[in-house]
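Trainee: Letter by letter, the chains look like this.
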Amino acid sequence: MLEKPPVIKSYRWHLGSIAWILHRITGLLLVFYLLLHIWVIHHITSGPEGFNKVMSVVQKPIFLLLEIGLLGTVLYHAFNGVRIMIVEFADNAAGAHKAIFGAVMAIAIFLFLVGGVPMFMHFLHAVSH
Amino acid sequence: MAEYTFRIFRYDPDKDETGRIQEYRFEPEPGWTVLDALNYIKWNLDGSLTYRRACRHGICGSCGMTINGKNGLACETQLKDLGTTVVTIEPLRGFPVIKDLVVDMEPFYDKLYAIKPYLITKTPPPTDKERLQSPEDRKKLDGKYECILCGCCTSSCPTYWADKNFLGPNALLKAARFLFDSRDEGFEDRVNAVDDKHGVWRCHTIFNCVEACPKELNPTQAIVDLRKLMLRGRL
Amino acid sequence: MSEYKGMFKVGECAKYYGTDDAKVIHEEPKGVDIHNVHLHDAVVVGAGLAGMFAALEIKKAGYDVACLTKVFPTRSHSGAAQGGIAAALANLEEDHIEWHFFDTVKGSDYLGDQDAIELMVKEAPRIIYEYEHMGVPFSRTPDGKIMQRYFGGHVKDFGRGKPVLRACMAADRTGHVLLHTLWEQCVKHQVRFYSEFFVLSLIVKDGKCIGVTAWDLINGGIHIFQAKAVVLATGGYGRCFSITTNSHANTADGLSLALRAGLPLEDMEFVQFHPTGLAGSGILLSEGARGEGGYLINDLGERFMKRYAPDKMELAPRDVVSRAEWSEIEAGRGIGGNQYVYLDLRHLGAEKIKERLPQVRELAMKFAGVDPIEEPVPIQPTAHYSMGGIPTDIRCRVLQDGKEKWLEGLWAAGECACVSVHGANRLGTNSLLDASVHGKRAGKDVVAYLSTNPVFEVLPEDAAEPAVKEIEWVLNSNGPERPSELRKILQENMYTLCGVFRDEQKLEKMYEIIKDLQKRYKNIHIEDKGTKFNTHLMEAIELGHLLEAAEVIVASALNRTESRGAHYRTDYPKRDDENWLKHTLAWRTEEGVKFDYKPVVITRFKPEERKY
Amino acid sequence: MKEKRTSGGFYAWLFQRITGAILVVLLLLHFWVTHGLPKPEGVTYERIAPRLATPTWKVIDMLFLVCALYHGLNGVWMVVQDYVDSELWQGIIFFLLVTVGGILFFLGATTVIPFKPVA
Ligand SMILES: Cc1cc2nc3c(=O)[nH]c(=O)nc-3n(C[C@H](O)[C@H](O)[C@H](O)COP(=O)(O)OP(=O)(O)OC[C@H]3O[C@@H](n4cnc5c(N)ncnc54)[C@H](O)[C@@H]3O)c2cc1C
Ligand code: HEM
Ligand code: SF4
Ligand code: F3S
Ligand code: FES
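Residue numbers (my numbering), protein chains in the order written: chain A, 972 to 1100; chain B, -7 to 227; chain C, 2 to 613; chain D, -3 to 115.
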């Protein structure tokens, strides 16, 4: 018997599995970010100068851009998480998971625009100075 | 019809170290299913091609395999619905391969045995009469009792690929089929297997199982229903 | 000896043997030393409804039983049955066991044995309740009882009344739920299954059946199963025909095993054809397609039923419609001159088709690639059910002479057996009942027999010889003939020459073809020489079984010079009670097929003309 | 007495959902308040410190910290359970995760609780 047969073709992706893998990746990214974040913010205990020094590093334009990415990551993970919870707690919702995905993502995109566009302007502003 | 290329996974336990692909090219007839094509190969081109089949109309669950990267029944898959003339056929993923497209289903059945796949009753039934069950209660079994044990769902589940101890969508669906049967009194007997980190809690609602199920059942619904049942039991 | 000698060693038992509670396995075998020998009180061959019911019954009585099957139990063909299982429960309207009794007798064209039929219909309600208690998810009536539906041939008031709701159902998956539930109970009671074990021969010693030999498909290797009781429940033999509703696994194995053990077969000429099989494959489209108003159309675009049943048109009984279709085909009015006609549903409209015939639509689309809303569906008569089989008495004991002498230790039940409750023609929904009732009765009788404490006989030295020889012969075969080619010739000719219409000329020709194929069969070769999961080997052996069964079918059909039930001879179109109100018993011998007869048991209903 | 249940997985699952739900609210709040959305401003000590000093925000931030740490690290633990077969490695990783969680909780708590802005 062949315990681990080689795979010829990767398994077909579809909405559910793509949503899951993105959820997993964004989750892990967020954990990574969280660790950094706590460490960075901890500098606030060292007083205004120290804190502002650190912050000026992490507020370079490139970081401002990354922060927009962070917002997207958070919004995706959060609202896909909401979808999972709706599927789990609402009655007979598993059949409608694709529609639910569409709905929560619409909200997520809306929020991303509301937050992301100003952040992008801020970034442009920072670059021009 | 046009000429088709069939790329088929081959593995002969007597000769091969590992699997390989063999290609067959021919022109199938209109209306043929993947199983018809396999039969054509076996009966005309290469008698050693090995796969399971029996009913050839989607009820026995023998012919589950991975067709162009998606699980399904060979006998139920129309070639023309594949949308391509290159057809890649592999054995069901996640199970050891015995030969060619035949996999060892024993791990799959083992999961089923774990949830005690039979009606458990403690009150004796009426003699020479049926137990009554309202149509509404019977309706709760719809979408659960139709399973043909083809294995397409469990074999498509990325969680099962990663964790071979995961009960998998099929066993959980079966558990739901009994736990939601108004006649069943086996909650206590089954719950340990279901309410386990390798049971109902391991699923990540990936929905591959739903996409794969040829009988259009929804194991994910069964799984989340079971979770709610466990949750209610604890509150 | 051959290069395959080495594999017949005493091997370790693989895990496929199921739960671990047999009393004795691998007891020091007596006489034979090169095989895996298993000892069980009883061995059941086949895990359809009949086989599993028998096994369960024996196991529940506390005996050690092994159930051997060449496909995993839930893959047996019983699962394909859709319509229902008959029992006069009277859950929705008045119904009586006597009515069911009469309908079955009439349906059988008076060839069914009435003592057996009476027993079966009486047992029917109890068996349904037992199924319900086991957990079968039957559909329910508004007051929670088992739901019943109409089915062809089941009527009120001794054939005089309107159709009656008698077929107990679980949507259109009745066979599926019965089969799965039975398997679940077997799991619960820890019946020991040997799945994917292909039974090769019966071991008969001094007029007593003492076991079987089987080939382990997965690992390769011959196993001897020694037992005090053997039950055959191997199902039908639809695969003798090219167009059939039957599974690829229904290859007459049990019948051939019986023939090889020198036993006769009963009433093999009676093969039921269903009028609406998908063309090319024979997959069953339900009666509903005609019931809802579908038209049958020939190449000229005519509704040809007007010629054959001007009143009932498409709603005439199965055999009438099958014959009408075949007449059109023989007259060259099949679609494009081919062997099929059209079932046209388009006039019903998309809505009605989707609502009332979703299953028919799904099957047509999935298996023929045709959407009945847009196109007519090509259909043809399809070999559906085998009325004949291994002769048994009403206790399911296999009769050596076909009449009364029991071959000790051997029982048969289900479609492979002939008790005979279906006579010349089976009523829809009666065969699931037959398989269940007689599976259970066989089990009960085995238990009664085992309680008399029979002993394990000493295995003869050559117990496995036929099996070893057969396997070695096929594995080493290097002739020019392809088994698949021979099978195709057999099946296609059986369908046209021994199908819906038969006559002497056709049958003679068919017999010649079979004789020729049997000769050519000796010169086959197989391409897979391995021992593990060798399906090419299995198909070759199955072909041997098909050839033997087909020979008996054709010879019996040639022999019966009348038309009765499913057996229609154009050269003898009338039923002939004077000469032929009797069962055929047929043996395969060196000199060809030998016949004997036995009278039909008539207790209550005297034969009358069968008119619907 | 009911049979004993392994319970494995249930609480992890439940708390993952509860913390997830809390995080939705807190994260949005956090983004809006801290980053001044939808009119972003630079994050400076002067802007942050006064808020961080109020008791209400201390409570909110501590809740945030606990939820995010639990949810994130339990999430990693879920991933690990999927892909790591060996019990030993699972044990080692679990220990690491708990340690990391402890350190970060300490860092976070010592940031939030004693915080007094420097004028
Ligand atoms: C499409 C279809 C629809 C039908 N619908 C109905 C219906 O609505 N109502 C009704 O009453 N009847 C119906 N029938 C008929 C009915 O399903 C069968 O007659 C009945 O199920 C036969 O049961 P069985 O147990 O005898 O055999 P099967 O279920 O065929 O089982 C045979 C068993 O024998 C085993 N076996 C065979 N050969 C070997 C061997 N050499 N070694 C080991 N094992 C072997 C097989 O593995 C299998 O487990 C239908 C039949 C078909 C084909
Ligand atoms: C904002 C609200 C959030 C919601 C609603 C949410 C929801 C969820 C849910 C429901 C799961 C379980 C998924 C499953 O069972 O497969 C999950 C997993 C996870 N979450 Fe969150 N989450 C949120 C924020 C976060 C944050 C801030 C982090 C990082 C610190 C994070 C990291 C993770 C990780 C690593 C996983 C595991 C991923 C996996 O198993 O695939 N989540 N989240
Ligand atoms: S749930 Fe569907 S995919 Fe899974 S075994 Fe049953 S029928 Fe097959
Ligand atoms: S694919 Fe697997 S993870 Fe759950 S939803 Fe289906 S069982
Ligand atoms: S052969 Fe039975 S499901 Fe495909």
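There could be a bad hint or two in this list.
Below, simulated DMTMM-like cross-link-like pairs (lysine to aspartate or glutamate); rule was C-alpha separation at most 20 Å, straight line [claimed, not checked]:
1. C/209 to C/409
2. C/189 to B/181
3. A/975 to B/181
4. B/156 to D/83
5. C/146 to B/181
6. C/599 to C/394
7. B/131 to C/356
8. B/72 to C/375
9. C/520 to C/473
10. B/220 to A/974
11. C/353 to C/372
Label-pair restraints from in silico Cβ distances [said to hold, decoys possible]:
12. B/225 to C/528: 38 to 44 Å
13. D/96 to A/977: 34 to 40 Å
14. A/1080 to D/83: 30 to 36 Å
15. C/528 to D/83: 42 to 48 Å
16. D/96 to A/1066: 38 to 44 Å
17. D/55 to B/116: 30 to 36 Å
18. B/73 to C/575: 47 to 53 Å
19. C/359 to B/73: 14 to 20 Å
20. C/359 to D/96: 53 to 59 Å
21. A/1091 to D/106: 32 to 38 Å
22. A/1066 to B/174: 31 to 37 Å
Sample of chain B residues with no beta-carbon within 12 Å of chain D, all distances over it, derived [what the hints assert, rightly or not]:
23. 17
24. 32
25. 150
For the record, the hints were derived by calculation from the structure and aren't laboratory data.
The beta carbon of each residue, even a glycine, is placed where N, CA and C say it ideally should be.
Trainee: Each hint should be assessed against the structure and marked as holding or not.
Mentor: Right, here's what the structure says about each hint:
1. C/209 to C/409: Between residue 209 of chain C and residue 409 of chain C the Cα gap is close to 5 Å, so the pair holds against 20 Å.
2. C/189 to B/181: holds, 12 Å
3. A/975 to B/181: violated, 34 Å
4. B/156 to D/83: With a Cα-Cα distance of about 14 Å, the restraint between residue 156 of chain B and residue 83 of chain D holds, given a limit of 20 Å.
5. C/146 to B/181: violated, 27 Å
6. C/599 to C/394: Holds: residue 599 of chain C and residue 394 of chain C sit about 12 Å apart, inside 20 Å.
7. B/131 to C/356: holds, 18 Å
8. B/72 to C/375: holds, 17 Å
9. C/520 to C/473: holds, 19 Å
10. B/220 to A/974: violated, 36 Å
11. C/353 to C/372: The hint holds at about 14 Å.
12. B/225 to C/528: 38 to 44 Å: violated, 57 Å
13. D/96 to A/977: 34 to 40 Å: holds, 36 Å
14. A/1080 to D/83: 30 to 36 Å: violated, 43 Å
15. C/528 to D/83: 42 to 48 Å: holds, 46 Å
16. D/96 to A/1066: 38 to 44 Å: holds, 40 Å
17. D/55 to B/116: 30 to 36 Å: violated, 59 Å
18. B/73 to C/575: 47 to 53 Å: holds, 50 Å
19. C/359 to B/73: 14 to 20 Å: holds, 18 Å
20. C/359 to D/96: 53 to 59 Å: Between residue 359 of chain C and residue 96 of chain D, where Cβ atoms are some 56 Å apart, the hint holds.
21. A/1091 to D/106: 32 to 38 Å: holds, 35 Å
22. A/1066 to B/174: 31 to 37 Å: violated, 23 Å
23. 17: Fine: 39 Å to the nearest Cβ keeps residue 17 of chain B off the interface.
24. 32: holds, 40 Å
25. 150: violated, 9 Å
In the structure shown, a violation is registered for the earlier hints numbered 3, 5, 10, 12, 14, 17, 22, 25, in ascending order.
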